[in-house]
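Participant: Fit chain B to the given chain A structure using the hints.
Taken in sequence, the protein lines are chains A and B.
This note's numbering applies: residue 1 is where the first sequence begins, and numbers increase by one.
This note's numbering applies: residue 261 is where the second sequence begins, and numbers increase by one.
The hints are simulated quantities; they were obtained by calculation from the structure and are not laboratory data.
Please note that a few of the clues may not be correct.
[Unchecked claim] Residues of chain A placed beyond 12 Å of chain B at every Cβ, according to the derived structure:
hint : residue
1    : ARG6
2    : SER8
3    : GLU16
4    : VAL48
5    : GLN125
6    : LEU157
7    : ILE172
8    : GLY258
[Claimed, not checked] Computed far set for chain A versus chain B, every beta-carbon distance over 10 Å:
hint : residue
9    : SER50
10   : PHE150
11   : ASP178
12   : TYR179
13   : SER184
14   : GLY222
15   : ARG251
[As the list claims (entries may be wrong)] Which chain A residues face chain B? A few, computed with CB under 7 Å, are given here:
hint : residue
16   : ASP46
17   : GLY49
18   : LEU134
19   : ILE154
20   : GLU188
Every residue gets a Cβ at the ideal spot worked out from N, C-alpha and C, and that includes glycine.
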Amino acid sequence: MPSDARPSVLTRAFAEIGLCSEFIVTFFLRFWRRPFEGRELLRQMDDVGSKSFLLTGVTGFAIGIVLAMQSRGTLMRFGAEAVLPSMLALSVVKEIGPVITSLVLAGRLGAGMGAEIGSMRVTEQIEALEVAALKPYHYLVVTRVLACFFMFPILTLWTDAIALVGGYLESILASGMDYRIYFSTAFESLRFSDVLIDTGKTSIFGLIVGLVSCYLGYSVRGGTREVGRAAMKAVVMSSLLILIADVIIVRISLVLFGSL
Amino acid sequence: MNRYVRLGILIVSGALLLVLALFAIGSRTFLFSRVIEVRTQFNNVAGLQAGASVQYQGVDVGRVETVALPQRPGGPLTVTMSISERAKSLIRKNTQAQIKSDGLVGQMIIVLVSPDVPAEPIEDDDILPGVDPFDLFEITDRALASVQGFERAAQSFEEIMRDVQLGEGTLGRIIYDSTLYVEMVQTTGETRRILGSLATSAEANADLLVDLAATAAEGIQSILAKADSGDGTLALLLNDPRIYNELLAATDTLRTIAGDLRSVSSTAEGAALWGSLGAFRFAELMEAAKHNWLFKRYFEERGSMELAPFEMRERAISESLEEIGRRERELLEWQMRLEEQEARMNGAQPDSSSAPGAGGQQDGDGQQDGDGQ
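Just chain A, same shape as in the assembly (with noise of 0.2 Å):
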């Protein structure tokens, strides 16, 4: 084969998975070793964090409202409404709150992850940066993905307090339920599991937008155009990957811990 030859398609995707995981690896292996970066670490959790709190508390109390206005309808139809924050409870804690917090701030932060790095390596900032001794990486990528890994939890608890409050809204206004009654029942159908599992899951969405935003961004070669491509390519991989490994997740969940 020719060197200068053109490589196939499935070649490319196969150094490309190649070239992430090697990226993965990377991470497990320097994460945990110094330099540490802290300062730079709480200044991306407060980007992940304190700047998409509105984003996701908008969208929390959102899905709250309009999930409490669709079932209720439904519910009626077989004189179920006393069980509405029941299955709001568990819709929004299980599944609807995590995933749309996740693919919101994969949407957010994603294509801010991939732009931002990308931008520094077409600039050749991170040749710099290794010139001075510092280590992009660290400082760069540990940074950032550590970063989504500890607040896609936190932020995703709020989007799901967030919602449960909107339903209620939705029933006082709807019912004038009493809003003992209306959390006694959402917690009364919710486990512990419930709770951890599936809010501990975000820090393994966390985990994916970081790492594939930060590798697209690294991994970028050329100039502009391609800084754009790696963000809308980041975006789409990261949600894309978050909706299979919720698959995963929650088969594995249903496995170890039931269904119940």
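Facilitator: The following block gives chain B in isolation, referenced to the frame of chain A:
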């Protein structure tokens, strides 16, 4: 706001949310309260799962921890429950554990039911008596069988009512046939008449009846005296149970025979009735045939043109009436002659008419009465 402060608030509030949620869930599952473990056994748990609620008088007092399979085929399933310490004093060793559905479409839960006579409070690892849940399929089968039976009964009733409306069968005839009513009215009238005559007869013969009763009482007293002494057939009849038993058996046999005879006689009575009716109709037909121009000559040749029974009766009655009329006329002639003779004798002997005339008139009247009779 400083970014670190902002981040700190977010992280702490998130942690608080998590803790609150865990406590809210834990308080409902009695995770953070003191509990005791008790067990119960069922032949069928109807889908009861670990984590299901345990209720006492409608209040959650615990959770189902495990549902263990039996040790041997067909053995009971063991359900382990954690019961809150607060409810320990309420739940006794003979409290029944029943599996029920939480609402119409809810999951299965355990309901603890207080006994009428409560025993001691439960302790850790006690075993409560379990009551198996209703088997919905069994109830459905029973209901289906009941519905089928009811349907059959309704069909039978419909057939009976149809027969009744058509006037068939005993009930139909009772309702729609007026013969029974007429016969009942006649029977009532007959009964009233018989009772009236009995009363009249009893009044007339009261003295005689009293004498007869006194005589009968004396006779009975004599019989009883003999029976008491143990002599004679009656004493044996009274004192020997074998005779009683044999008499009882004989009475049963006689009753059966009498029933059979009654049945036979009623059948024969019916047959005789039908036979006489048939014979009457046949006689009517033959009588009609005798007067028919086609068969008349045949009967004349055979010498069978005798009168019908009712014609013979009519003829005999008319002959009797004629004879009675003739006799009556003769008696009237005799009476007229006697009166003439009497008038003639009174005219010839006017002085001696008082005593002998009265006697002669008495004789004459006596003769007249005797002739009249």
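Participant: Provide an ascending list of the numbers of those earlier hints which the structure does not satisfy.
Facilitator: 4, 6, 8, 9, 10, 13 and 18
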